[in-house]
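*Asks:* Both chains are sitting in their own frames, so use the hints and assemble them into the complex.
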Amino acid sequence: MALAIILVVLLIGSTIFQFVNPWSATPVASNWGSIDNIIVITSVITGIFFVGITLFVVYALVKFRHRGPSENGQHQASYEPDSKKLEWWLTGITTVGICALLAPGLVVYDDFVHVPEGATEVEVVGKQWMWSFRLPGEDGKLGHAKVKLIGMDNPFGLDPDDPNGQDDLLINTNVLHLPIDKPVKMVLRSLDVLHNFYVPQIRAKMDMVPGQVSYFWFTPTKEGRYEILCAEYCGVAHYNMKGHMIIDSAENYQAWLSEQPTFASSLVSGSDDGGVEQGRQLAESSGCFACHSIDGSKSLGPTWKGLFGKTEVLMDGTTVVADEAYLKESITDPNAKMVKDYAPVMVAYPLSDSQLDALVEYIKSTP
Amino acid sequence: MAYVHDAEKEALHQPHSFWSKYVWSQDHKVIAIQYSLIAIFAGIIALVLSAMMRMQIGFPGSLEFMDANTYYQAMTMHGMIMVIYLLTALFLGGFGNYMIPLMVGARDMVFPFVNMLSVWFYFLSVIILLASFFVPGGPTGAGWTLYPPQAITAGTPGMEWGIILMLVSLLVFIIAATMGGLNYVTTVIQARTYGMTLLRMPLTVWGIFMATILALLAFPALFVSGVMMLLDRTIGTSFFMPEMISMGQQTDYDGGSPILFQHLFWFFGHPEVYIVALPAFGMISDILSVHSRKKVFGYKMMVWAIVAIGVLSFIVWAHHMYVSGMNPYFGFFFATTTLIIAVPTAIKVYNWVLTLWKGDIHMTVPLLFAVAFIFTFLAGGLTGLFLGNVIVDIPLSDTYFVVAHFHMVMGVAPVLVVFGSIYHWFPKITGRMMNDKIGMWHFWITFLGTYAIYFPMHYLGILGMPRRYYDSTAYEFIPQSAHDLNAFITIAALIVGAAQVLFIYNMIHSAFKGKESGPNPWNAASLEWQTPQTPPVHGNWGEKLPVVHRWPYDYSVPGVKEDFVPQNVSEQELEANKVKL
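As given, the protein sequences belong to chains B and U, one line each in that order. Its first residue numbered 15, the first sequence is counted upward by one per residue in this note's numbering. Its first residue numbered 4, the second sequence is counted upward by one per residue in this note's numbering.
Chain U extracted, bound-state conformation (with noise of 0.2 Å):
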C-alpha cells in the first residue's frame, strides 16, 4: 500500500470549469453519476420496452404496430438493455465507483483519466445501440443470447444493420468495463487506506471487487465471440456457421459450430449473473447490518462465499445448455457443480436472516427492500435448483418458468437492492433523504407488483408454454385460463412499470427539495459516512487520509454509548466515550 503515502502528499486539484467538473469530470463520484443517469435511461426504455410486449402477450393484436418483427426487436433489446446496459453499469459504474473510493479511504480511483474514458466509452456503446432503432430494418431481434446461424440470417428482423451495431456496441461496452474494471480492482487492492485491511473492508466493496475481477476474466470470451460473429456476418467467415442453407437457398457457410457460440456465450454469461449479484449481495449485507443495528453474521464466512461464488461461477457456464445438443454427459458434471455452487448461496441466504437476529430493527424504506430482496431472491433461488438439475431442466427449459426464475433471481431482485442502495446512500451522495412516504408506496406497489408478475408465472412453465412466443394462442395444449393469466401479468406489470414514475419523482425531487440529512443520518460506521463533508468534495477526505481502526460493523457494542462506533475512531477515543454501566 505504498501508494497510500503518495495518496496523501498528492496536492488536491480541484477542477474549476463547468465542463471539467461535471463533464469530463475525472472524480469518480461524478463518474459514478454519469454512470447511474444513463444506465437509469436506458433502463427506462428497456421498461417500456418491457410494457410493449407484455401488452402483446396479455392482449393479443392490441398494439397496431406490434407485428412478429417488432416484438422480437423489443425482447431483444429488453433482455440486452437489462442485463449489461443497465444493471452491469449501474452496479460496477455507478455504485462501484462511488462506494470503492469512500468505502476503502481513497481519494480516488488509482487512474482517474482512465475512468473517465470508460465513463464515455460506455456512453458511446449505449448511444450506437440506441442507432439500432433508426437503421433499415431495425434493432436486432435475435434474442438477447444472439444465437448463430439465426442472429445473422434472413428470417431475423435487424439481420441487415441491427446485428452489426449490436455486436459493435456490445465491443465498445466491454473496453468501458474493462477501463472501469482495471481501475476498481486495482484501487481495491493498492490504494487503501492506513489500517484498512481487506478483512475490514465492507461486503460492498468485496461484492463489487470480486464481481469485477468476474468481469474482466468473463468479458473477453464475449469479446471474442462479438468479434468472430462480426466477420460471419460482415466478410463472410464461418467461425458459428456449418454448412446449412437459408430461406430455402443454398449458403456459402461451411464447418462452423453454433455450439461453440454457446460455450463462448455462456463462458461470459454465467458469470454476468454474478457479475449483477455479488455486488447486490454486498450491498444488501451492509444495508440489514446498519439497519437493523448488529454486525453482519458470520462475515468471514460471508467473505469466502462471495469468492467460492465466484469461482464456481466459472465452471458452470454449461447449465444454460443442457437442451443445446451439446455432448450428453457433460449434463453430469454441470448439474454437480450447479447444485453445489447453491451451498456458498444458502449460507449467504442464512447469514443475512442471522443479521436480523436479535437485531434493532428500524423499519426504513432501505431497510424494507432488505427484507424483499431476500425474499425474492429466495424464490428465484430455489427455482433455480429446479432447472440446474439436469433433468428436470428438461421438460423446463426454454418455457415460462426459466423466464419467471431469471427474473427473479437477477432481474427484480437486483433491481431490489438498487432501490434499497439508492435509498441509503442517496443522503451521502446529495446531502438529502428521499421522500418516506413516496418511497414507502413505491416499495410496496414494486415488491407485490413482481411478485403477482413473477410467481404464478412459472407455473405457465409447468404447463408447457414456450418462451420467446409472438403468439401462443393457436395451440390447442395451452387452456384460455392461461391467456387469461397472462393478461392479469401484464396488468400487474404494467401497474410496476408506472410505479416507478414515484421513484424518479422522488429522486428528482429529493435531490433539490428533500429533507437535509447531515452527514451520517443511519448512524452507519462504515467508513463512506465519516466523510469531512457532504457530499464528499473532489479528494474525499481533505487534507489527511482518515485511520482506520476496526471493521465496518461494529452497531451496538456493549458498554458504548452510541449504538455503532466508525471505522476510523481509535481505541483511545472509544474508551473516552464509553458509558460507566
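Bound conformation, chain B alone (with noise of 0.2 Å):
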C-alpha cells in the first residue's frame, strides 16, 4: 500500500515539476525552434506512457496485494495463459508510439544536415582552451590550413601560397560576431584534442576533432551577446574555455569586419615593441588566458595583472619576488615554486629563451 501511495505522490509531483519549475531551456536565438518543438512532442507521449504504465502497476499493487493465506483453498493469484493478442496489441501500439517520434525527427534532422546553399562559411578554431574564428574574407572561400604550417606568426596555419586564403580574416580572440537573418555554416577545426563547439541559445552543437573539419549550420534570429562553453571534455580547464559570440544587425556587422585583419596583412605587419606584441600572441596560441587573466580576476592561475614586481606567497609559507627569473622559472618548471592557494595544474611550456623574453615582456606590460 506504502509503495502504492508513495508512487501516486512521485508520479503527480513529477508532473508538476515539468510544468512548474524555473529550468526550462535558453530562449532559442536561431531557427532551431523546430528543435525545440521535438522535444514538446517527445515529451509529451513518453509523458503518457510514463504516467499509464505506473498507474497501472499502481492499480495492480492495490488490487491484487496479498490478503493473507485463502480460505478455500484456491490461490489468490491467477494462473492465466499467455495473451499473444494483447502482447501484439501493446507491440503494435508502442510501435506507433515510436513511429510518431522518429518521423518527425528525422525530418528535422534531414533539414539539419542540408547546409543551405549561400550559407556563410565561418571557421571556428578550438585549442587548449581557447576560441579563435577565420572569415573567407571578400572571395568568400576560406584558404588552405595545415596544422604543421602552425607558428608563432601563423597561428592559424594557413597556407601562405594558397591566393584563397590571402584575404581570409582572423579574428585571434575569444569574440565572434555574426549577422543576424543570415544562415552561416560553422566549419569546425580543432587544433589539439576535441572540443565542442556549443552556444546553449542555438541548440545546434558539432564535435570539433584534429585532423578533419567538421561542420553544422544555423541562422541567427535574435540580436544579443552569447556564451560559447566547449561541451566535448577537453582536459584540465575544459570548464573555462568560454568565448562569446554576438548576432549583430547588419550595419554593426560591417562596421566590426572592416577592422579586422585579413591573414596577408598579418603577414607583413611586425612593429617593434620590444616583444610585448610577439608575448601575447604566443600567450594567446598557448592557451594561457585560459588559466591566468589580464584583468585581475581569479582563475586556475594567479592573474597577470599587476604580477610583475609583486610579492607572492608560496605553499611552504615563504616569500618570492615575482621577477623575470622567477617567471621564467615558473612557465618552464611550473611545479617548482608554486603560489599559495593555487592547484599544480600547469604543465611545463619548454619555450625557447627569446620566446620567453617576448612573454615575460607582455606579462610585464599588464599593469
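Don't take each hint at face value.
Below, a list of computed lysine-lysine pairs in the PhoX-like style, where the Cα atoms sit at most 20 Å apart [to be verified]: (1) Lys319(B) with Lys354(B); (2) Lys77(B) with Lys361(U); (3) Lys99(B) with Lys303(U); (4) Lys160(B) with Lys196(B); (5) Lys98(B) with Lys564(U); (6) Lys303(U) with Lys98(B); (7) Lys199(B) with Lys236(B); (8) Lys155(B) with Lys196(B).
Just a sample of chain U residues kept apart from chain B, beta carbon distances all over 12 Å, derived [said to hold, decoys possible]: (9) Ala49; (10) Phe114; (11) Met182; (12) Pro223; (13) Gly272; (14) Trp355.
Just some of the chain U residues that point at chain B, by a computed CB distance under 8 Å [what the hints assert, rightly or not]: (15) Tyr197; (16) Ile364; (17) Asp439; (18) Leu463.
Hints are computed from structural coordinates only; laboratory data are not their basis. From a predicted model like this one, the values you see are computed outputs, not experimental measurements. All C-beta atoms, glycine included, are put in the ideal place defined by N, C-alpha and C.
*Replies:* Below is the structure:
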C-alpha cells in the first residue's frame, strides 16, 4: 500500500514539476526552434507512457496485494495463460508511438544535415583552451590550412601559397560577431584535442576533431551577446573554455568586419615593441589565458595583472618576488615554486629563450 | 548434453584446507562471493569519489583538496569503476557464477580452474587500477570514455602514469571477463541437467547468458583500442592521433583518427549497457514472479526480447556519437535502429507489469526493489527516447540530461536489481534472512533519494548546463536557481550514499546473526532453491543430479495445495499431492 501511495505522489509531483519549474531551456536564438518542438512532442508521448504504465502498476499493487492465507483452498493469484493477442496489441501501440517520435525527428534532422545554399562559411578553431575564428574574406572562400604550418606568426596554420587564404579575416580572440538572419555554416577545426562549439541558445552543437573538419549550420534570429561553451571534455580547463558570440544588425556587423585584419596583412605586420606583441600572440597561441586572466579576475592560475614585481606567498609559507627569473622558472618548471592556494595543474612549457623573453615582456606590460 | 552423464559419474572431490576452500577455490559459489566482495569494495570507493564530486558541484570550493585535476580524476575513476569494475563484475562474475550452475542443475562451471583464474585476474585488474592513485600525476582524469587525443596528451591529469595503468587494468579485466564468460556460456550450453531444456531456464539465466555472449563479442573491441592507445602513448604510434599541436607545440603524431577510437569504444560501450541490463532484466523477472506468486507473463516473448535486444545492441553504437563529427548521414540509420530497440525493451516492461496483474503480491523487500526498478527503468528508458532521436540529442548531448538519463537507466536501475537480488538470494547463499526492517529503511531512502537526485537533474540538461564542468558558476545563462538545485541534489546524494551503510551492516550482521531461513523461504519453484543443503555445498547436488520436469514458473497452479511446484517435482509426485476441490 505504502508503495502504491508513494508512486502516485511521485507521479503527481513529477507532473507538476514538469510544468512548474524554473529551469526551462534558454530562449532560442536561431532557426532551431524546430528542435524544441520535437522535444515537446517527445515529452508528451513519453509522458503518456510514463503516467499510464505507472498508474497500472499502482492499481495492480493495490488490487492484487496479498490478503492473507486463502480460505477455500483457492490460490489468490490466477494461473492465466499468456495472451498473445494482448502482446501483439501492445507491440503495435508501442511501434506507433515510436514512429510518431522518429518521423518528425528525422524530418528536422534532414533539415539539419542540409546546409542551405548561400550560407556563409565561418571557421571556428579550437585549442586548449580558447577559441579563434576565421572568415573567408571577399572571395567567400576559406584558404587551405594545415597544422604543420602553425607557428608564431601563423597561429591558424594557413598556407601562404593559397590565394584563397590571402584575404581571410583572422579573429584571434574569443569573440565572434555574426549578422542576424543570414544562414552560416560553422566549419569546425581543432588544433589539438576534441572540443565542441556550443551556444545553448542556438541549440545546435558539434564536436571539433583534430585531423578533420566537421560542420553544422544555423541562422541567427535574435540580436544579442551569447556565451560560447566547450561541450566536449578537453582537459583540465575544459570548464573554462569560454567565448562570446555576438549577433549584430547588418550595419554593426559590417563595421566590426572592416576592423578585422586579413591573413596577408598579418604576414607583413610586425612592429618593434620590444616583443610585447610577440608575447601576447604567444600567450594566446599557447592558451595561457584559459588559466591566467589579464584583468585581475581569479582563475586556475594567478592573474597577470600587476604580477611583475609583486611579492607572492608560496605554498611552504615563504615569499618570492615575481621577477624575470621567477616568471621564467614558473613557465619552464611550474611546480618548482607554487603560489599558495593554487593547484599544481600547469604543465611545463619548453619555450625558447627569445620566446620566454617576449612572454615576460608581455606579462610586464599588463599593469 | 553428454557432459551431464560424465558430471554425474564424477567423484565429488571436496577441498579440505582453508586455502583451497576459500582462497584458491574452484567452487563457483566461493568464486562468486569473491567476485562480489571485490566488486562491492570497488563500488564503495567509486561511491566516495562521487560524493566528493557532488560536493564540488553543489558547493564549489567546499573541499580544500578538490582542484580541477582532482575533480576530473574522481569523475573518471567513478565512472569506470561503477560501469566495469562494479556492475559488469558483479552481474557476470558475481551473480552469473552463483546462479548459472544452481539454476541449470550443474555441479559447477565446466572449467573450474579457469573460473578461479578469472577471479584472480579480476582482483589483479582492480589492484592495478587502484595503484594509479599512488603514482606520480595520479590516476587518469581523461573521462571514463578515455577519448584520445586528450587522454594521452598534456593538459589532462594522469597522462603520465594514470592512463597507462588504466589501460593495462582494462586489458587484464577483459582477460578475466573472457575466462569467466567462456565458462558461463559453455556451462549453459553443455551442463544443463536432465530435462532442463533451454526454454525451462529461468530468465535470470537467459539474461546472464545473453549478456555474456555480448561481453565476449564486445570486449575485444575495447581490448584492441586499449592496446592501440597504449602504443600511441608509450612508443608514439598514431592510431588515434592526427597531425596536431599540444600546448602550443608541434607533435610528432600524424595521420591517426580520434573518431576511430570512438567507434571502437562504443562498439564495446553500447553492448556494455546491455551487459549490465540484461542480467538485471532476467533477475527482476524472477523476483517479480516469485513474490507475486504468478508465472512470468509472456515467458517466450521475454526470451525473444532478450535475444533481440542483444542482437540489436550491436547496431546502435553510434547514437553515442551524433555530435562527434562523424558523417552526419549516419544519424538517420542509428536513430532508426536505436528507436527500434525500444520496442523489445517496452515489451519487457509490459510483461513485468502484467506479471503483477492478478497476482498475489507479497510486499517483501525484494518485491519493493523490483517495483522501484520498473519505475526507475521506465523513467530512464523514456528519456532514452529523447537522446536516441538524433535531432533531440543535438541540443541535449553533453549536458546533465545525459548524466541523469544514464544514471537512471544503467546506474540506479541495475543497482536496485542488485539490492533486490541480494535480499532475495541471500538466504540461499548464507542460510539466513536479511533483516527486514533495516531493508525497508534502506529501500525507501535509496529509491526516493535516487529519484530526488536524478529526476530534477534532467531539467538542468534542458537548460543547457554542460556536464564534466569542474565549475559552472561563471556562466551567465545558468541562473542561481540551477546552482541551488545542484546543492539540493548534492544533499540528496550524500544521504543516499550514507544510507548504504545500512545495507553493508545488514549484510554483515545477517550473514552471522540473521534469522535462519531454511532451504526455500520464499517458496520459490526454480531449481536453485531445491538444493539438498543450504547453503549448497561443493558439487551442489549430492550423489544424484536433479531431474527437471517443468519450467521454473509453476506458481498458483489450480488444484495444487501449495502455491508453487518446484522444477524437480514430477507429474506423479504432483498427482499424489493434489487436493480435491
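*Asks:* Hint by hint, note whether the structure agrees.
*Replies:* Cross-check of the supplied hints:
1. Lys319(B) with Lys354(B): Given pair Lys319(B), Lys354(B) holds - Cα atoms ~17 Å apart, limit 20 Å.
2. Lys77(B) with Lys361(U): holds, 8 Å
3. Lys99(B) with Lys303(U): holds, 14 Å
4. Lys160(B) with Lys196(B): Distance ~28 Å between Lys160(B) and Lys196(B) Cα, so the pair is violated.
5. Lys98(B) with Lys564(U): violated, 29 Å
6. Lys303(U) with Lys98(B): holds, 10 Å
7. Lys199(B) with Lys236(B): Answer holds: Lys199(B) to Lys236(B) is near 17 Å, not above 20 Å.
8. Lys155(B) with Lys196(B): holds, 17 Å
9. Ala49: Consistent with the label, Ala49(U) stays out of reach of chain B, its closest Cβ about 19 Å off (over 12 Å).
10. Phe114: holds, 37 Å
11. Met182: holds, 33 Å
12. Pro223: Non-interface label on Pro223(U) holds, nearest chain B Cβ at 24 Å vs cutoff 12 Å.
13. Gly272: Gly272(U) is indeed farther than 12 Å from all Cβ atoms of chain B, at 15 Å.
14. Trp355: violated, 9 Å
15. Tyr197: violated, 26 Å
16. Ile364: With a minimum Cβ separation of about 5 Å from chain B (threshold 8 Å), the hint on Ile364(U) holds.
17. Asp439: This hint is violated: Asp439(U) lies away from chain B, its Cβ roughly 14 Å from the closest one there, beyond 8 Å.
18. Leu463: Holds, because the Cβ-Cβ distance from Leu463(U) to chain B comes to roughly 6 Å (cut-off 8 Å).
Hint check: violations occur at hints 4, 5, 14, 15 and 17; the rest are consistent with the structure.
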